[in-house]
Amino acid sequence: MKILGLDIGSRSIKWVLYETSFSCILEKGILDSTPHSLERIEEIIPSFDKIGLTGYGRHNLNNVLRTKSPKIVSEITCHAKGAKFIEPGHHYLLDIGGQDTKFITLDASGKIIDFKLNDRCSAGTGRYIENMAKILDLEIQDFINMAIKSEKPSNINSMCTVFAESEIISLIHSRERIEDISAGIIKSLIFRTKALIGTNKIDEKILLLGGLSELENIEILFERFDLEVKKNELSRYTGALGAALVLVD
Amino acid sequence: MMDNTKMHKSLGIDLKAHDTLIRALPELFKECFLNKEQDLKSLSYFYSVVADIHGTRVKELIEHKNKGPVIGSFCIYVPEEIILAIGGQLVGLCAGADFWVPYGEQIVPKNLCPLIKAGIGAKFSKTCPYFQVIDLLIGENTCDGKKKAWEILSDMVEMYIMDMPNKKSNSGLKLWQEEVKSLCNFLEKKFSKPISFDSLLKAVQKVNAKRSALNRLYETRKNSPTPISGIDTLLVTQIGFYDDTERYTKMVETLAKECEEKALSNSKSNDKKRILVTGSPMVVPNWKVHHVIETSGADVVVEENCTGTRYFKDNVSIENSLAKEDLLKNISDRYIRNINCACFSPNTDREEEILKICKDYKVDGIVYASLSFCTTYMIEAEKIRKVAKKNNIPMITVESDYSFSDLGQLRTRIEAFIENL
Chain A
171 MKILGLDIGS
181 RSIKWVLYET
191 SFSCILEKGI
201 LDSTPHSLER
211 IEEIIPSFDK
221 IGLTGYGRHN
231 LNNVLRTKSP
241 KIVSEITCHA
251 KGAKFIEPGH
261 HYLLDIGGQD
271 TKFITLDASG
281 KIIDFKLNDR
291 CSAGTGRYIE
301 NMAKILDLEI
311 QDFINMAIKS
321 EKPSNINSMC
331 TVFAESEIIS
341 LIHSRERIED
351 ISAGIIKSLI
361 FRTKALIGTN
371 KIDEKILLLG
381 GLSELENIEI
391 LFERFDLEVK
401 KNELSRYTGA
411 LGAALVLVD
Chain B
31 MMDNTKMHKS
41 LGIDLKAHDT
51 LIRALPELFK
61 ECFLNKEQDL
71 KSLSYFYSVV
81 ADIHGTRVKE
91 LIEHKNKGPV
101 IGSFCIYVPE
111 EIILAIGGQL
121 VGLCAGADFW
131 VPYGEQIVPK
141 NLCPLIKAGI
151 GAKFSKTCPY
161 FQVIDLLIGE
171 NTCDGKKKAW
181 EILSDMVEMY
191 IMDMPNKKSN
201 SGLKLWQEEV
211 KSLCNFLEKK
221 FSKPISFDSL
231 LKAVQKVNAK
241 RSALNRLYET
251 RKNSPTPISG
261 IDTLLVTQIG
271 FYDDTERYTK
281 MVETLAKECE
291 EKALSNSKSN
301 DKKRILVTGS
311 PMVVPNWKVH
321 HVIETSGADV
331 VVEENCTGTR
341 YFKDNVSIEN
351 SLAKEDLLKN
361 ISDRYIRNIN
371 CACFSPNTDR
381 EEEILKICKD
391 YKVDGIVYAS
401 LSFCTTYMIE
411 AEKIRKVAKK
421 NNIPMITVES
431 DYSFSDLGQL
441 RTRIEAFIEN
451 L
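Protein chains in written order, with this note's numbering: chain A, 171 to 419; chain B, 31 to 451.
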């Protein structure tokens, strides 16, 4: 049986087509959360026998896909299920998404023990990094490559995305090096993440999920600021995969 | 619904702003109450009170002013018995809608809890008929925000303020006894009406009956499945702060009876998770957290907060009361000993109370809902979390205001919490 998992995020829509008889992923895909792709969603996704929805748009898209009687599950449960499938035995999951950051703790069997989310402020999310790269006039991967070169990351103190933007602009005006500003932005993201996790260091590696995990060398930057993370090539799809897996008996 | 325009005009209400406020209510009311399955006939009374929340009851209060004062409050520490004993009516004032928050923010800082901002905004915007009707507002120093807010409100409305102890020590108890006595003296003088032993005793009995009725209703929620939804019970409790005490008591009794019968005849079982909601008070029309929980597949079976069990759980003793002073002492004892407000330090009684409630109501998980910037409740969450964890009761803390901008985030957290119970 083919099960489609759909993760409707604030920045992108991820889908995974899972085949139960082989316990494997047949196809996967990703598209931007634009009005255009949302309207065409039924044409874009492959045909399926059952469907599970997760992500911020899960309730809204439920109205569109109601005739297919989708199962709706929160992204926290889905990430846990998906992560257990791709990296069994990982106890900590960090999902840095478009507008929120989630930190999930699992027990040995993959059951959720605890989870934490950022408050409604977007500082420290993927969107924050995207916006900041834009101010520096850099593509997101170039921004990471730049940050890696820095030996003296700048300090960015603002807790608020909009104020951080003005802080960065004044750093640019005071001729601070772009690589240092870039590294400073990543540093502020990681410090916020650590505050969310509630500890300075974790004895085990964290599995990084979400859009940030697709960036090359991002784990090097995390390590530089004392947070060890691991990536998996399916990191971006754990939500969608989990949405499919909840429908597997 | 009758046309209230003339009455509102006479109260000095800003009619245009008030229209905007009232127009927003039906949508919210429909979403939270009318769009769900409902088989309790006795609830229609409570629905009708909310549907006409700025109408009939306001009219009654205006009429009452010929006989006695109408007194407003924001807190369950203000002893209703004494107000009734001087022939007054006590009403909970408007403080539960996002509509008033921007008005409040014109005068007080943004990083205050929405309840205080909305309360001040409701008066400042002249859109709360209850605020316009009252002869006096009784404030209480239960938190820093309120304490300072009274100074601002006293420019707009006549106020009397009760001081609160921070500790339930002997001296704390004494302070409160004095405060209750002083309130009594003040009201007698102000409204030139002595409070007799008989009038106070009658008032105590009336309020005790109201509490017992609510107790009886909450008892039925111990059944599995619960005969009444959490959001409906919340609404019923909220109306207790507005309605005529005796009529309300009768209506709650009728509802409790219907719930008892429903629970007895209920053959349908359900495996819905049973949730305790605790934390800051939820004032009309703040139904957000209950709505999210109950549309995510769980039942709220009890609330440990000021718009829940704290409001009614213990009665004022009338045993061995021979004089007015005895009753006043019993009144002050009931309020200070049994209400576990986070303004007290330490507040360990609340930890025990929550554990007891979890056991009595067979609770599967706790949703600790604090209003944003409600410092005392937000800080106390950590203590409760530890106690809950030690007793293997899952708990989630959520912090939210009256706006709907965080509904998505709130739903994600609560759905995930329920899925994992």
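If you're looking for bench data, these hints aren't it; they were derived computationally from the structure.
Incorrect hints may have been included.
Listed next, the in silico BS3-like pairs over lysine-lysine satisfying Cα-Cα at most 30 angstroms (straight line) [stated by the list, open to error]: (1) Lys-95/B with Lys-286/A; (2) Lys-211/B with Lys-241/A; (3) Lys-254/A with Lys-156/B; (4) Lys-286/A with Lys-389/B; (5) Lys-211/B with Lys-46/B; (6) Lys-71/B with Lys-281/A; (7) Lys-252/B with Lys-71/B; (8) Lys-220/A with Lys-241/A; (9) Lys-223/B with Lys-252/B; (10) Lys-298/B with Lys-238/A; (11) Lys-343/B with Lys-211/B; (12) Lys-238/A with Lys-46/B; (13) Lys-156/B with Lys-140/B; (14) Lys-420/B with Lys-375/A; (15) Lys-281/A with Lys-354/B; (16) Lys-220/A with Lys-303/B; (17) Lys-419/B with Lys-386/B; (18) Lys-302/B with Lys-281/A; (19) Lys-238/A with Lys-71/B; (20) Lys-287/B with Lys-281/A; (21) Lys-343/B with Lys-204/B; (22) Lys-254/A with Lys-420/B; (23) Lys-401/A with Lys-322/A; (24) Lys-281/A with Lys-419/B; (25) Lys-254/A with Lys-287/B; (26) Lys-287/B with Lys-71/B; (27) Lys-413/B with Lys-238/A; (28) Lys-286/A with Lys-156/B; (29) Lys-254/A with Lys-60/B.
Here chain B is said to cover these stretches of chain A; the calculated rule only asks that three of the stretch's residues, wherever they fall, bring their Cβ under 8 angstroms from a Cβ of chain B [said to hold, decoys possible]: (30) 236–249; (31) 281–287.
No residue lacks a Cβ here, since even glycine has one placed at the ideal position from N, Cα and C.
Status of each hint after checking the structure:
1. Lys-95/B with Lys-286/A: violated (52 angstroms)
2. Lys-211/B with Lys-241/A: violated (60 angstroms)
3. Lys-254/A with Lys-156/B: violated (56 angstroms)
4. Lys-286/A with Lys-389/B: holds (27 angstroms)
5. Lys-211/B with Lys-46/B: violated (42 angstroms)
6. Lys-71/B with Lys-281/A: violated (42 angstroms)
7. Lys-252/B with Lys-71/B: holds (20 angstroms)
8. Lys-220/A with Lys-241/A: holds (8 angstroms)
9. Lys-223/B with Lys-252/B: Given pair Lys-223/B, Lys-252/B is violated - Cα atoms ~43 angstroms apart, limit 30 angstroms.
10. Lys-298/B with Lys-238/A: holds (28 angstroms)
11. Lys-343/B with Lys-211/B: holds (23 angstroms)
12. Lys-238/A with Lys-46/B: violated (46 angstroms)
13. Lys-156/B with Lys-140/B: holds (20 angstroms)
14. Lys-420/B with Lys-375/A: holds (27 angstroms)
15. Lys-281/A with Lys-354/B: At roughly 60 angstroms apart (the allowed maximum being 30 angstroms), Lys-354/B and Lys-281/A break the hint.
16. Lys-220/A with Lys-303/B: holds (26 angstroms)
17. Lys-419/B with Lys-386/B: Holds, at about 15 angstroms.
18. Lys-302/B with Lys-281/A: holds (20 angstroms)
19. Lys-238/A with Lys-71/B: This hinted pair is violated, its Cα atoms lying about 36 angstroms apart.
20. Lys-287/B with Lys-281/A: Since the Cα atoms of Lys-287/B and Lys-281/A sit roughly 42 angstroms apart, the hinted pair is violated (cutoff 30 angstroms).
21. Lys-343/B with Lys-204/B: holds (22 angstroms)
22. Lys-254/A with Lys-420/B: Between Lys-254/A and Lys-420/B the Cα gap is close to 27 angstroms, so the pair holds against 30 angstroms.
23. Lys-401/A with Lys-322/A: holds (26 angstroms)
24. Lys-281/A with Lys-419/B: Answer holds: Lys-281/A to Lys-419/B is near 16 angstroms, not above 30 angstroms.
25. Lys-254/A with Lys-287/B: Roughly 50 angstroms separates the two Cα atoms, so the pair is violated.
26. Lys-287/B with Lys-71/B: Since the Cα atoms of Lys-287/B and Lys-71/B sit roughly 11 angstroms apart, the hinted pair holds (cutoff 30 angstroms).
27. Lys-413/B with Lys-238/A: violated (45 angstroms)
28. Lys-286/A with Lys-156/B: It is violated: about 41 angstroms lies between the C-alpha atoms, which goes past 30 angstroms.
29. Lys-254/A with Lys-60/B: At roughly 41 angstroms apart (the allowed maximum being 30 angstroms), Lys-60/B and Lys-254/A break the hint.
30. 236–249: holds (count 5)
31. 281–287: holds (count 4)
Consistency with the previously given hints fails for numbers 1, 2, 3, 5, 6, 9, 12, 15, 19, 20, 25, 27, 28 and 29, ordered from lowest to highest.
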